[in-house]
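One gets this note's numbering by counting positions in the sequence shown from 1 and adding 46 to each.
Source of the hints: derived by calculation from the structure; they are not laboratory data.
Quick reminder that beta carbons are idealized off the backbone N, C-alpha and C, glycines included.
Among the hints, erroneous ones may be present.
FRET-style restraints, in silico, Cβ to Cβ [to be verified]:
id, residue 1, residue 2, range
1, Gly363, Ala269, 34 to 40 Å
2, Ser453, Arg303, 49 to 55 Å
3, Glu455, Ile300, 41 to 47 Å
4, Leu440, Asp262, 53 to 59 Å
5, Asp319, Glu372, 37 to 43 Å
6, Gly208, Pro249, 49 to 55 Å
7, Arg362, Asp308, 16 to 22 Å
8, Leu440, Glu221, 51 to 57 Å
9, Ala349, Arg303, 21 to 27 Å
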Amino acid sequence: MGVTDFFDPDGIAVIGASKTPGKLGNDAMTNIRSYDGDVYPVNPGSTGSVYGYEFVDSVGETDADLALCCVPSPVVPEVLEECGEAGVGAAVIFAGGFGEVDEAGREREAEVAAIAEEYDVTVLGPNTAGYCIPHLDLYGSFVPEIRDVETGGVALVAQSGGIGVTGAFQLDREEYGVSAMFGLGNRANVDFADLIPVLDDDPHTDAIAVHVEGTDDVDDAIAAFRDAETPVVMLKAGSEELGDFVGSHTGAPIQRRETYEDALAGEGVVFVDTVTELVDAARAVASAPTPDGRNVGLVTAQAGPGILVADELRERGASFPALAEETDERVTELLHGITYTENPVDTGRPLPEFGEVIDAVARDDAVDAVVVYEIYERSLGYPVEELEALADDLDKPICFTVAGPESFEEERLEMEAAGVPTFQAPERGASAVGALLELADE
């Protein structure tokens, strides 16, 4: 078995399965019901069935090759050994209480690693929220409702399951979804260097969003990030001042952000500072072409938010080139000289000609990327047709920052479907475009 077997298990055993709602073993059973294969709830203290699956007393009575271990940490080594003897090749260990806690926990984690090596069991965790691969209907997690996360183009690999789950739900709320989410936890024998190459080869993954606290295999991890052809966006968390706190989370060694930045400079890895920036940047690089340079054309229907976008982009190294004479003439004619027609261009409000203004700026040869801000007005709507034509005709990113009531959602999603990433705050749009600009330097 290996990491790839998390993607294609032949039978799943849920060890510690429970009939009681709210228990970890019940939540895991709830999520795994979407799996199109044999599921074995394992619990010698239970009889009958749970969600239509008959209980069995031991993993040895199953034909599973993946085990979801919903048991307390003291019995994990015994359970993992039973899995190895039963031929289970991959296991997810949810329990905490290992190397992140104390010396006894570190010894228990070392025992788990030794058993995994002896029986050739690939272990995700311990101390993990698990994983999900929506396009395979695989939700190997105890997190309630994780099975509702839909398919998208971003893969999340998070040292913290909480960060991975937060990012997955945020992407799903905005109708984007994920190609996969893995919470690494304490990394008994599955680390960044194991997962990144697999996701890099995954045709469903267009960008990889990574949350790192620290790893003992830092050189291998950095090599995996560097070698990935799929764009990588990284949130490096945990400062030296928070060493004890970080260590108590996933047992991670303390590593400075600069260690990763210096090693990965010019290697196609974008660094961000927040979870929102992580998911926004990842879906921008997953959805939009990489710009040829840092020249931005900014079109706003409201100048105030546009100034915030311009300030943020300027700090990230963007330039706002003068528009070509023919572009300026076209924009001036459309706007009748009543607003700011240089770059950035401000229309004052979303006029009927707003889409034509965007078209003019986007087609200017001096512009490498286009950013738009518009507050939704029902009488005018968004210029979806113009944007769709632009996305088809131009190999440059066009990103739209939107605001408005819930009724604008249908048109926002039409823009997304046309290949125009949308962001629901000025700073979010600016941050995402900033990530694309960083890739332009590679």
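A quick look at each hint next to the structure:
1. One distance hint, 34 to 40 Å for the beta-carbon pair Gly363 and Ala269, is violated here, with the actual separation near 27 Å.
2. Under the hint 49 to 55 Å, the C-beta atoms of Ser453 and Arg303, about 42 Å apart, miss the expected range.
3. For the hinted restraint 41 to 47 Å between Glu455 and Ile300, the CB-CB distance of approximately 43 Å keeps it satisfied.
4. Taking 53 to 59 Å as the suggested C-beta distance range, the pair Leu440 and Asp262 does not conform, at roughly 45 Å.
5. Here the CB-CB span from Asp319 to Glu372 is close to 40 Å, well matched to the stated 37 to 43 Å.
6. Gly208 and Pro249 have their C-beta atoms about 28 Å apart, which leaves the hinted 49 to 55 Å range violated.
7. As the Cβ distance of Arg362 to Asp308 is approximately 19 Å, the hint placing it in 16 to 22 Å holds.
8. At roughly 24 Å, the beta carbons of Leu440 and Glu221 sit outside the given window of 51 to 57 Å.
9. A hinted range of 21 to 27 Å is violated for the C-beta pair Ala349 and Arg303, which are about 35 Å apart.
Violated hints, listed in ascending order, are 1, 2, 4, 6, 8 and 9; each of the other numbered hints is respected by the structure.
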